[in-house]
Amino acid sequence: EPEVTQTPSHQVTQMGQEVILRCVPISNHLYFYWYRQILGQKVEFLVSFYNNEISEKSEIFDDQFSVERPDGSNFTLKIRSTKLEDSAMYFCASRTTYTDTQYFGPGTRLTVL
Amino acid sequence: GENVEQHPSTLSVQEGDSAVIKCTYSDSASNYFPWYKQELGKRPQLIIDIRSNVGEKKDQRIAVTLNKTAKHFSLHITETQPEDSAVYFCAASFVEYGNKLVFGAGTILRVKS
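Heads up: the protein sequence lines correspond to chains C and W, in order.
To convert a position in the first sequence, counted from 1, into the numbering used here, add 16.
Going by the numbering used here, the residue at position 28 of the second sequence is 22; the numbering climbs one at a time, nothing skipped.
Hints listed in this document are in silico derivations from the structure and should not be mistaken for laboratory results.
Keep in mind it's a predicted model, so treat the numbers as computed, not measured.
Note that the Cβ used here is the ideal one computed from N, Cα and C, for glycine as well.
Treat the hints with caution; some may be incorrect.
[Stated by the list, open to error] According to the in silico footprint, chain C covers these stretches of chain W (three or more CB under 8 Å from chain C): (1) 47 to 60; (2) 94 to 107.
[As the list claims (entries may be wrong)] 27 Å max Cα-Cα, derived DSSO-like pairs, lysine-lysine: (3) 62(W) - 51(W); (4) 65(W) - 31(W); (5) 106(W) - 36(W); (6) 106(W) - 31(W); (7) 51(W) - 36(W); (8) 62(W) - 99(C); (9) 106(W) - 16(W); (10) 62(W) - 106(W); (11) 99(C) - 65(W); (12) 94(C) - 36(W); (13) 52(W) - 106(W); (14) 52(W) - 58(C); (15) 65(W) - 94(C); (16) 73(C) - 99(C); (17) 31(W) - 73(C); (18) 52(W) - 65(W); (19) 52(W) - 16(W); (20) 73(C) - 51(W); (21) 52(W) - 73(C); (22) 94(C) - 16(W); (23) 52(W) - 31(W); (24) 73(C) - 106(W); (25) 73(C) - 58(C); (26) 106(W) - 65(W); (27) 31(W) - 58(C); (28) 31(W) - 16(W); (29) 99(C) - 58(C); (30) 94(C) - 58(C); (31) 36(W) - 52(W); (32) 36(W) - 62(W); (33) 62(W) - 52(W); (34) 58(C) - 106(W); (35) 65(W) - 51(W); (36) 62(W) - 16(W); (37) 73(C) - 94(C); (38) 16(W) - 36(W); (39) 16(W) - 58(C); (40) 51(W) - 16(W).
Model the full structure from these sequences, guided by the hints.
Pasting the structure below:
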């Protein structure tokens, strides 16, 4: 069964550094999402992406964040200048146009020191 | 903004007993309600979902009920087994507008054998 994949599984970075988190959605999916989960807390929506543009973003998704679909398979989340409070698990999700179900990737644990 | 409240935060049951987790949502436009199971360190996995045109849905030992008037929905697990132990998240979304998921805070379910 196809799955959403994410790399790396764990990223450690220094405060102020840029990080890029990568996701490969399921191949026939056209809607893409990023969520984050701070340790022990709920999953929070960051951004949704469809047809090569952002369709919705949350208050968390400020100017430090950006998303891109650089080719036909990857979907990336960039944090330009990381802060301590960006430490969290970041999940990518995708879905088709035919169902409402979002399939989640395994996550990237980002640790900002 | 949209909000989903989930109760209880922790639930311990004996193996074989039933477990019920309840959620309420604030946005009356929400029309899609998935439940995700998340084991420690793993991705959220969809276990069951319901759309607002249906009052109840069942899949083997798992069922979900929806009360649109009261804006609440519940997860019912019967004949619980130790492998049901996990964190369960409810979520709500408005499918016709981006379909972002708004999650509840999660319920830690422990099934004691």
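Outcome of the hint check:
1. As drawn, the region 47 to 60 of chain W meets chain C at 0 residues by the rule of a beta-carbon pair under 8 Å; below three, the given contact is violated.
2. With a cut-off of 8 Å between beta carbons, the region 94 to 107 of chain W has 7 residues touching chain C; three or more are needed, and the interface restraint holds.
3. For the suggested pair residue 62(W) and residue 51(W), the alpha carbons sit about 14 Å apart, so the restraint of at most 27 Å is met.
4. The suggested pairing of residue 65(W) with residue 31(W) holds, with an alpha-carbon distance near 22 Å, which does not exceed 27 Å.
5. For a cut-off of 27 Å, the pair hint linking residue 106(W) to residue 36(W) stands: about 21 Å separates their Cα positions.
6. Note on residue 106(W) and residue 31(W): the hinted pairing holds, with a Cα-Cα distance of about 18 Å set against a maximum of 27 Å.
7. For the hint linking residue 51(W) to residue 36(W), the alpha-carbon distance of about 26 Å falls within 27 Å, and the restraint holds.
8. Of the supplied pair hints, the one linking residue 62(W) and residue 99(C) is violated, its CA atoms being roughly 40 Å apart against a limit of 27 Å.
9. The straight-line distance between the Cα atoms of residue 106(W) and residue 16(W) is roughly 21 Å, inside the 27 Å bound, and the hint therefore holds.
10. For the hint linking residue 62(W) to residue 106(W), the alpha-carbon distance of about 33 Å lies beyond 27 Å, and the restraint is violated.
11. Among the hinted pairs, residue 99(C) with residue 65(W) is inconsistent with the structure: their alpha-carbon atoms are about 37 Å apart, more than 27 Å.
12. Distance hint between residue 94(C) and residue 36(W) is fulfilled; the C-alpha atoms sit about 22 Å from each other, no more than 27 Å.
13. Taking the CA atoms of residue 52(W) and residue 106(W), the gap is about 24 Å. The hint holds against a cut of 27 Å.
14. For a cut-off of 27 Å, the pair hint linking residue 52(W) to residue 58(C) stands: about 25 Å separates their Cα positions.
15. This hinted pair does not check out: residue 65(W) and residue 94(C) have alpha carbons roughly 36 Å apart, beyond 27 Å.
16. Between residue 73(C) and residue 99(C) the alpha-carbon distance is near 19 Å, which keeps this suggested pair within the 27 Å criterion.
17. Of the pairs offered as hints, the one joining residue 31(W) and residue 73(C) holds, with about 25 Å between alpha carbons and a cut-off of 27 Å not exceeded.
18. As the CA atoms of residue 52(W) and residue 65(W) are separated by approximately 19 Å, the hinted pair is consistent with the 27 Å bound.
19. Taken as a hint, the residue 52(W) and residue 16(W) pair is honoured in the structure, with Cα atoms around 16 Å apart against an allowance of 27 Å.
20. Distance check on the hinted pair: residue 73(C) and residue 51(W) sit about 31 Å apart at the alpha-carbon level, beyond 27 Å; violated.
21. Taking the CA atoms of residue 52(W) and residue 73(C), the gap is about 33 Å. The hint is violated against a cut of 27 Å.
22. A threshold of 27 Å between alpha carbons decides the hint, and for residue 94(C) with residue 16(W) the separation of about 36 Å lies outside it, so the pair is violated.
23. For the given pair, residue 52(W) sits about 16 Å from residue 31(W) by alpha-carbon distance, which is consistent with the 27 Å threshold.
24. Between the alpha carbons of residue 73(C) and residue 106(W) the distance comes to roughly 41 Å, so the proposed pair goes past 27 Å and is violated.
25. Proximity of residue 73(C) to residue 58(C) is assessed by CA-CA distance (about 17 Å); at most 27 Å being required, the pair is judged to hold.
26. Proximity of residue 106(W) to residue 65(W) is assessed by CA-CA distance (about 31 Å); at most 27 Å being required, the pair is judged violated.
27. The hinted pair formed by residue 31(W) and residue 58(C) meets the criterion: a straight-line CA distance of about 12 Å does not exceed 27 Å.
28. Annotation: proposed proximity of residue 31(W) to residue 16(W) holds, straight-line Cα distance about 14 Å (limit 27 Å).
29. Pair hint residue 99(C) plus residue 58(C) holds up; C-alpha atoms about 20 Å apart against a cutoff of 27 Å.
30. Taken as a hint, the residue 94(C) and residue 58(C) pair is honoured in the structure, with Cα atoms around 22 Å apart against an allowance of 27 Å.
31. Proximity of residue 36(W) to residue 52(W) is assessed by CA-CA distance (about 25 Å); at most 27 Å being required, the pair is judged to hold.
32. Under the criterion of a C-alpha separation no larger than 27 Å, the hint pairing residue 36(W) with residue 62(W) is inconsistent with the structure, at around 31 Å.
33. Among the hinted pairs, residue 62(W) with residue 52(W) is consistent with the structure: their alpha-carbon atoms are about 18 Å apart, no more than 27 Å.
34. Proximity of residue 58(C) to residue 106(W) is assessed by CA-CA distance (about 24 Å); at most 27 Å being required, the pair is judged to hold.
35. Between the alpha carbons of residue 65(W) and residue 51(W) the distance comes to roughly 16 Å, so the proposed pair stays at or under 27 Å and holds.
36. In summary, the hint linking residue 62(W) to residue 16(W) is supported, as the alpha carbons are separated by about 13 Å, within the 27 Å threshold.
37. Between residue 73(C) and residue 94(C) the CA atoms are separated by roughly 14 Å; this keeps the pair inside 27 Å, and the hint holds.
38. Simply put, residue 16(W) and residue 36(W) have alpha-carbon atoms about 23 Å apart, close enough for the 27 Å limit, and the pair holds.
39. Between residue 16(W) and residue 58(C), the direct Cα distance comes to roughly 15 Å. Compliance with the 27 Å bound is thereby established for this hinted pair.
40. About 15 Å separates the Cα atoms of residue 51(W) and residue 16(W), which keeps this hinted pair within 27 Å; it holds.
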